[in-house]
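S.K.: Residue numbers (my numbering), protein chains in the order written: chain P, 1 to 348; chain R, 1 to 82; chain V, 1 to 458.
These are computed hints drawn from the structure, not numbers from a lab.
Pairs of lysine-lysine residues, derived as DSS-like cross-links and limited to a Cα-Cα distance of at most 30 Å, are as follows: (1) K3(V) / K63(R); (2) K241(V) / K164(V); (3) K83(V) / K260(V); (4) K242(V) / K70(V); (5) K264(V) / K127(P); (6) K75(V) / K260(V); (7) K5(R) / K332(P); (8) K314(P) / K85(P); (9) K3(V) / K58(R); (10) K40(V) / K63(R); (11) K337(P) / K35(R); (12) K323(P) / K3(P); (13) K324(V) / K2(R); (14) K63(R) / K44(V).
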Amino acid sequence: MSKRKITIAVSGLNNIDSPGPGIPVIRALKDSELFEIRIIGLSYDTMEPGIYMHDLVDKTYQIPLPSAGQQSLITRLTYIHQQEKIDVLIPNFDAELFNFIKLQDTLKKMGIDTFLPALEQFEERQKWALNTFGEKYGIKVPKSKQINSTAEIHALTHEFGYPLVVKGKFYDATVAYSPDQAMAAFNKISSKWGLPIIIQQFTPGIEVNLTGIGDGKGNLIGAVPMRKTYITDKGKAWAGIALEDETLMNIARNMLKGNKWRGGFELEMIKTDKREYYLIEINPRFPAWVYLAVGAGQNHPEALVRLALGEDVKPYESYETGKMFIRYSYDKIVDLKEFEIISTLGEL
Amino acid sequence: MKLLKNIALSDTGFVFNPGNGDSFSVNPIGLSILKDLQEGKSEDAIRNRVIEDYQTDKETIEKDLYDFLKMIEQFNLTDYHE
Amino acid sequence: MKKQIYERPLIQRINTGMMNKFGTKTEYAPVSHIDGLAVKDLIKEYGSPLFVLSEETIRNTYREAVRAFKTRYPKVQFAWSYKTNYINAVCNIFHQEGSWAEVVSGFEYQKAINNGVPGPKIIFNGPDKSDDDLRLAITNNSPIHIDHLDELYRLTELAEEMNKRPNVAIRVNMDTGIYPMWDRFGFNYENGQAWDAINKIILGNRLELIGVHCHIGTFMLSPQAYATAAYKLSDLALGIKKKFGKTIQYIDMGGGFASKNTLKGSFLPGADTTPTIDQFAESITTALLNAGFTESDLPLLILETGRALIDEAGYLLGSVLANKRLSDGRRATIMDFGVNILFTSFWYDHKISPAQEFSSYTEDTVMYGPLCMNIDVVRSHITLPPLRKEDHVVVHTVGAYNMTQWMQFIAMRPAVVIIGTDGKSHLIRNKETIENIESSEVMPDFLRKHELASDILK
Ligand SMILES: Cc1ncc(COP(=O)(O)O)c(C=O)c1O
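Looking at chain P on its own, in the form it has when it is part of the complex (with noise of 0.2 Å):
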């Protein structure tokens, strides 16, 4: 059988030292058996590896930051549409979601499909809205509570007691020991990320994950849930193992029920000593370490594609425990006529 062409719009190349999903996601693609893939990157910064990564990007062009709005970002799409009729469009980056998922019915009558959840199912499951939302879909999540100033920190001994997590509206998260800790995160956190602030429960016990795909109709198409077994010194993985973790994959199974996600998501959850599932967050997009799903035998990226292409894709039933992914660095080489290059045209 010969492969389909298709040409795949990829964001998210900052394949740095705590990486943004989109290599991960494009080398799913480039291990699909149903497509030949060029690959479309689209960059924020000129510092972006995968911009340089030629062997897995076949041309990268800049797109104007999310605080640019729909309308800069629409206008850059349809140029870039121009030069190469893209199908597919894959976002990675949580800050740009909003606005793809805004757009994703103009983006459809430009003819470039995408997978992404409705904007309903977007918010709803906000860090913000946590707890709502937990108690809709009958998930445990730890107590959290939004703050959007430093004078309601010092209520929060009584609230909550210390340590407490500190989180950003997108990004970041610190455990505070103190008052003080917690003022400092407060104004570090939301000098990058504004506001409001998350202050979360501290619930003691394992990370566990799961990076999962839903049709949006209620079918969870595929999940393969992981533990990290080695982090680094920022918390990001380092390594991490698939596991067998029937309940977990029924937590995301009911999680789908009810919401009916569409697209690619990461469950981040603690698993107690008592074994109780707490729901820490949940990213609306495949995690930066989707690619350990193909190792062991399911192609969530692929999926997501033919979902988009509007095909029927029946669920994967199973994926090989015992595999595991050990991150490495690699320090690429390159011209710096390639630098040139993408800084004054935005495109390479």
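Following the hints, position chains R and V with the ligand against chain P.
M.R.: Only chains R and V with the ligand this time, still in chain P's reference frame:
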């Protein structure tokens, strides 16, 4: 004022200082001025050349050139040991 | 050979994380005309800076809001919130469209009367109503929204004194899940104050309780908060029906819908994230329709929407006074307008467009106003093409609160024009003159004269 000898100017408007790894972007008129400096033209000569090539007047280019030269000085692109 | 178009020479360090320019052009795309009239010509005719309003945008926005509510709920009435923009010409557009008036002071009340609004269609809000104000409102049969107990007692006394039965509502504050909670106005719902006030009014039997009111905050981004508020006001209205058999005529939801401005510190532009008027309408009307009113008891829904109805119709035109370079190498542009007339730049990152064509090269700039005050910053960071002295810019979405909260500070306030649906510009407020300002000053005799030696500096 002279531009550091090894500054690389590219027609795309990309400026690279191999001495410290800094890179910059300039607009076309900025690039033409950097080239003038590289050729060792004096400020006066540059001003006259710009007035020759562009729809502008002496006062405007005087102000703008002053500002531009200050910037390239601040960006460590000029040679102190003349 | 033809000479090339001149542009200031620019050099910028290539930083990682720097806003890349590819595709961001729409952000600084020039806006040379407003409703078909050239910015250049408007400034030539009326001076710079200049506030410009679009009649067409005002009417379209208003009709859109009315449609959003009327298609979902049978009885809807808007009341123009005077404080948002009380230039009479603006108020009269809203009155022509069928809007009542909502005022919060004797001054605003008088304006509404002068504009010919009938007394019963002027809603009188706010904590500051003098005895004279109240007497006038009682005489005119205006709905008086009681803010605090002192006012409730005073109003009762005046009603006795005048032998009248004033129409009143109470303002209610409540927890709608929004921070900060506006609990300084009106009576609290959760702790029972609101219900106590209602009981006092009805049992006192000197005031006619015709409505319940709230205004939960301004620049609200959550339609859900309105659903909560509508539910809580309905609960009060239904409680009144149950206990006293009395039907409340209206529920006034106040204002507060966000406009399409971008709040400082928010990551995404307001134009993309602000809920639509339909979303607010859906939340409010769904809550009211499901609250449990019988069809005949369904209250009139009053809305005091301000900024969402006028912000986008307003522009501020201005000109570059000078360019300079700050000590750290940043570019600074000084405009002929500042926080004195663009009060809202304290909390918004206003969208600002050049009014003439440029190449695609841009520079990061701090935009200052003309005041000799360090706080006079219009945008602390904006990417703009190289503006020259006397170039014009257009500041967008400034129709709300600027033309009322502006200060006569250091400079005088500019003219305001409206571009009519006739395609012409019409002056609706003159540029201030020194006579306007000095006419209210008084000089005591002993301060009239002074003698300053004039020969110190040669
Ligand atoms: C009582 C009342 N109603 C209406 C408004 C108008 O609010 P907005 O402009 O936010 O719609 C205000 C503004 O503060 C107000 O105080």
